[in-house]
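Residue strings, one per chain:
2 protein chains.
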Amino acid sequence: MDKVVKTLKEAIQLAGVKDGSRISFHHHLRNGDYVLNMVMDEIAGMGYKDISVNASSLFDCHLPLVDHIKNGVVTELITDYMSGGIGAQISEGILEKPVQFRTHGGRPADIIKGVTPIDVAFIAAPTADTMGNMTGKIGKSACGSMGYAYADAMCAKKVVVITDNLVPYPLPYPSIDETYADYVVSVDAIGNPAGIVSGTTKITRDPVGLVMAQTAAKVIQASGLLKDGFSFQTGAGGATLAAAQFLKEIMLKEGIKGSFGCGGITGYMVDMLNEGCFESLIDVQCFDLKAVESIRTNPKHTEVSAMRYASPDAKSAAVDSLDVVLLGATEIDTDFNVNVHTNSSGKIMGGSGGHSDTAAGAKLAMIIAPLSRARLPIVTDHVFCKSTPGSTIDVLVTQKGVAVNPARPELAAKLKDGGIHVVDIFELKEAAEKLCGQPKPLVKGDKVVADIIYRDGTLLDKIYNVR
Amino acid sequence: MDKVVKTLKEAIQLAGVKDGSRISFHHHLRNGDYVLNMVMDEIAGMGYKDISVNASSLFDCHLPLVDHIKNGVVTELITDYMSGGIGAQISEGILEKPVQFRTHGGRPADIIKGVTPIDVAFIAAPTADTMGNMTGKIGKSACGSMGYAYADAMCAKKVVVITDNLVPYPLPYPSIDETYADYVVSVDAIGNPAGIVSGTTKITRDPVGLVMAQTAAKVIQASGLLKDGFSFQTGAGGATLAAAQFLKEIMLKEGIKGSFGCGGITGYMVDMLNEGCFESLIDVQCFDLKAVESIRTNPKHTEVSAMRYASPDAKSAAVDSLDVVLLGATEIDTDFNVNVHTNSSGKIMGGSGGHSDTAAGAKLAMIIAPLSRARLPIVTDHVFCKSTPGSTIDVLVTQKGVAVNPARPELAAKLKDGGIHVVDIFELKEAAEKLCGQPKPLVKGDKVVADIIYRDGTLLDKIYNVR
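One line per chain: the protein sequences are U and Z, in this order. Going by our numbering, the letters in the first sequence line up with residues 28 to 494, in that order. Going by our numbering, the letters in the second sequence line up with residues 28 to 494, in that order.
Honestly, I wouldn't trust all of these hints.
Remember, identical chains collapse to one label, so a pair may be satisfied in a single copy or spanning two.
Simulated pairs of lysine-lysine, DSS-like, Cα-Cα distance not exceeding 30 Å [unchecked claim]:
#1 Lys-471 <-> Lys-342
#2 Lys-327 <-> Lys-33
#3 Lys-471 <-> Lys-441
#4 Lys-427 <-> Lys-390
#5 Lys-474 <-> Lys-167
#6 Lys-229 <-> Lys-184
#7 Lys-327 <-> Lys-474
#8 Lys-474 <-> Lys-443
#9 Lys-33 <-> Lys-284
#10 Lys-33 <-> Lys-254
#11 Lys-342 <-> Lys-76
#12 Lys-280 <-> Lys-97
#13 Lys-280 <-> Lys-76
#14 Lys-33 <-> Lys-76
#15 Lys-167 <-> Lys-467
#16 Lys-33 <-> Lys-184
#17 Lys-167 <-> Lys-471
#18 Lys-254 <-> Lys-45
#19 Lys-45 <-> Lys-229
#20 Lys-342 <-> Lys-45
#21 Lys-284 <-> Lys-474
#22 Lys-489 <-> Lys-33
#23 Lys-140 <-> Lys-45
#24 Lys-254 <-> Lys-441
#25 Lys-461 <-> Lys-390
#26 Lys-140 <-> Lys-342
#27 Lys-342 <-> Lys-184
#28 Lys-33 <-> Lys-342
Quick caveat, the hints were computed from the structure, so don't treat them as lab data.
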């Protein structure tokens with residue numbers, strides 16, 4: 028009378044995995060996830076081939092996937108982000124079909140529309156009951172929000188819940204409920220807590236980073252958006268976190284009552300909530316233990332699905348109400364196109380995640396990046412890979428000045444009025460090249476290793492192998 | 028940049044209502060609802076005709092609907108329950124097409140499957156923000172759970188949120204979120220709080236009712252189901268509430284720790300939660316203010332969608348995990364088929380609601396009914412209208428003995444062992460007829476006024492007009 032099956036193997040069989048199946052995973056356990064490897068090893072052991080894996084993100088803990096690719100067990104990858112270890116292998120061309128990169132908003136939209144139908148979703152659940160009601164808020168492997176798993180649960184033909192904290196029915200207030208669950212498997216551990224919420228992201232102490240962060244805060248102030256009702260998203264990078272810190276100081280000093288903080292949530296955002304800078308947090312993913320603790324206990328800290336976070340097909344998403352987003356870049360070109368997929372060697376080491384979703388939605392989309400990294404200029408004529416279209420980027424903040432997208436002259440005027448050192452993006456490119464010299468252009472190979480699919484489903488760019 | 032439109036009329040226009048549209052409503056505001064009439068009056072005033080109305084239930088506060096039917100504005104009704112004032116008119120044949128009666132679980136299943144697609148859902152929201160995130164837990168018209176509105180929100184082409192408590196974005200932890208909302212309309216009042224949660228349901232003091240209630244509690248005890256992990260649903264009728272009260276006393280005395288209480292939730296169920304009889308409540312609808320206060324403040328009191336409550340198409344629903352449900356009947360026949368749609372005159376005055384869903388799901392589905400009402404026997408050869416199939420009913424409790432469905436001999440044996448006075452259902456029929464005489468059979472008219480559609484989509488019965 029319940030949905031608990033004894034072994035993962037039995038669940039895989041019951042769910043009907045077969046050659047050519049598409050299976051899916053969420054990435055809330057981040058670099059501590061055990062579930063993807065556990066499932067893939069089992070599937071490989073059962074002799075299945077030609078599996079398509081749709082994982083909301085892939086981390087280096089998933090490196091065993093490389094062997095499954097080489098053995099023909101996995102022949103298709105769909106993801107929003109891929110860390111450098113796996114990315115380097117993909118860039119060498121180990122997979123015949125190009126990886127399909129989507130955004131955190133585009134992924135659920137395409138699952139719901141049926142563009143990327145899922146046969147079996149394997150959902151790592153920090154707590155689940157015997158009928159498959161699940162939550163990420165409690166359990167030894169608590170990850171907080173389970174936002175990226177909603178679309179998988181709602182749309183997959185079969186849903187297998189894998190938990191290391193099986194509780195009696197009914198689990199109160201599940202994140203995802205039993206109406207979507209087919210089977211429940213209890214395992215010893217779904218992840219390594221140290222990797223799930225690494226808690227290592229710290230505000231930068233690098234002087235260049237601090238200059239950029241302070242400038243970013245001033246740009247937001249000068250934009251006129253920093254007033255009561257202000258809403259804000261920032262990533263977990265050191266410089267963007269520092270910018271959030273400066274912003275918080277301004278908000279507290281000036282008594283500005285913001286509306287919401289959004290996105291992947293860090294303890295810094297939780298502090299801003301608790302200190303009154305925001306009325307609430309909209310959380311699709313927790314980055315650290317403080318965020319997990321907050322979403323568990325604070326009713327103003329709302330768990331949301333990836334659809335509500337960022338889907339372009341939702342009737343509205345949180346990103347559509349966002350005032351300001353602070354984003355990073357590995358490259359930005361003079362048309363403000365941004366690369367967050369590849370590193371300076373052209374190898375895959377990232378992905379859009381929510382980058383292009385928030386850039387499209389926010390009133391002010393700001394890139395924070397130093398003029399150069401490892402003696403390579405950040406501003407280029409053409410990005411090696413277009414992750415986010417320049418039309419959605421409003422401003423680039425560097426340590427040597429702020430470039431405003433020429434499509435936003437009214438913003439440039441406001442920033443100048445606010446005393447910001449506004450420069451032409453070509454000047455920043457020249458300044459960088461003066462420092463570093465003009466870099467040798469990367470030589471693209473002849474094999475497409477990844478397609479960059481924009482949030483609206485169009486093909487934005489292709490990534491080629493590296494020679 | 029938000030979804031607020033100035034008037035209901037504008038929202039109706041923007042949502043594209045036209046001749047022949049199907050629109051929907053939920054019934055959480057019960058007999059205090061203003062929204063259905065408000066919308067229908069506006070639509071009538073705009074000159075639209077041939078509207079299909081899918082309302083999860085209809086109460087006598089919706090009597091103005093009768094005029095809209097007579098004027099040809101409304102030509103189709105789909106509902107799960109209809110109170111006597113409207114029911115009497117329908118029974119006279121004012122509507123050309125038969126009313127489609129579904130169950131609380133079948134309704135969302137058919138909406139989601141596309142059997143009854145909705146053009147525009149009008150959702151009364153006790154609190155909503157400017158992007159259409161909504162909750163029933165707060166606001167002057169708070170109704171608690173909004174469980175019946177989920178399918179409408181998720182599947183309607185357009186969703187209009189109507190609220191009398193518009194709050195800034197983002198409302199934390201909405202019941203239904205912005206991804207589904209198209210337009211938001213602010214009005215003075217969505218309902219009359221006195222009618223929303225009447226709070227008038229009291230435990231019966233009628234001696235016959237108390238005898239039946241005590242017997243019902245003993246039957247549950249004798250069935251062997253009353254042990255740790257016990258789960259339970261009861262309606263809001265006086266005798267079933269009294270049975271719950273006796274059950275609570277047994278549970279407290281014997282230290283039995285139940286699992287969950289389910290269904291439309293009353294203050295009596297809240298007391299059972301608070302006194303430790305249950306670990307949690309699963310709430311698709313709040314019947315009184317105590318339930319509303321509890322769902323707002325107690326994290327063990329979980330709001331659920333109608334799908335999670337009772338959908339036969341969900342991978343599981345709460346009713347599937349239910350041990351015992353106590354239900355009423357206007358008639359029950361010797362095959363245990365139950366009528367809850369028509370009164371002794373054959374006129375419509377009710378509907379299945381969750382009756383057949385819980386009967387199908389629960390391990391023990393019990394009807395509590397007196398042998399006769401107003402000098403008419405309750406047990407008959409054939410019910411005038413089959414609302415719930417006898418195959419799903421396990422036992423009938425009357426003041427003169429307990430009849431067990433012959434398909435459940437092991438249950439009959441247990442009850443006898445437990446000292447319960449078990450009788451044949453034909454004996455109960457005879458006893459009733461001895462008291463009241465054999466009633467004159469109702470004469471059916473020749474016009475079908477309603478179809479009873481079972482939770483699996485099959486046609487269970489038809490209701491004819493009354494001559």
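- Task: Any hints from earlier that this structure breaks? Give me their numbers in increasing order, please.
- Result: Numbers 1, 3, 5, 6, 7, 8, 12, 13, 15, 17, 18, 19, 21, 22 and 25 - these are the hints that the structure violates, sorted from lowest upward.
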